[in-house]
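Please put together the full structure from these sequences, using the hints given.
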Amino acid sequence: MGRNSTHMTIVHRDIKSSNILIDKNELNLYLTDFGVALTLPQILTEKDFVQIGTIRYMAPELLEGVISHTREALCSVDMYALALVMWEIITQCDVYPTTGKIHNIR
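In numbering that gives the first Met the number 0, the protein residues as written are 0 to 105.
Treat the hints as calculated values from the structure; they're not laboratory data.
Heads up, some of the hints might be wrong.
What the hints assert, rightly or not - What follows is a set of in silico ranges between Cβ atoms, one per label pair, in the way DEER data are often shown:
no., residue 1, residue 2, range
1, LEU26, GLY64, 33 to 41 Å
2, GLU87, VAL35, 32 to 40 Å
3, GLU87, ASP22, 13 to 21 Å
4, GLU63, LEU43, 29 to 37 Å
Everything numeric in this text was worked out from a predicted model, so none of it was measured.
In this text, a Cβ means the ideal position worked out from N, Cα and C, and glycines have one as well.
In structure tokens form, the structure reads like this:
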């Protein structure tokens, strides 16, 4: 799904179900919409890691504004979003109820 060693330096920052295309014949998944993606060196040179992406799929540390500028922490925000997408695929349910806290964040 685009997470091999050649892509590990890219932080997508907006992984969500609508940004994943499925090739049903080959059972391949393709990550799309790299509009807000940055390379790890670009992010590491920024003073602050800008909160960008879809709130519903954002890692809690992004919502709280506390994230360390390490490779592992920055890549983990994409892994968190991917885990939410996988939850939706497996359970066929939204991670957050429609009346939940996530809808109150503005």
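Problem set entry | Status of the given 32 to 40 Å range, CB of VAL35 versus CB of GLU87 | 21 Å, violated
Problem set entry | LEU26 paired with GLY64, Cβ distance criterion 33 to 41 Å | 38 Å, holds
Problem set entry | Cβ distance range 29 to 37 Å for GLU63 and LEU43, holds or violated | 20 Å, violated
Problem set entry | Pairwise beta carbon distance, GLU87 to ASP22, judged against the given window 13 to 21 Å | Since the Cβ atoms of GLU87 and ASP22 sit about 19 Å apart, the hinted range of 13 to 21 Å holds.
In terms of the numbered hints stated before, the structure departs from hints 2, 4, listed from lowest to highest.
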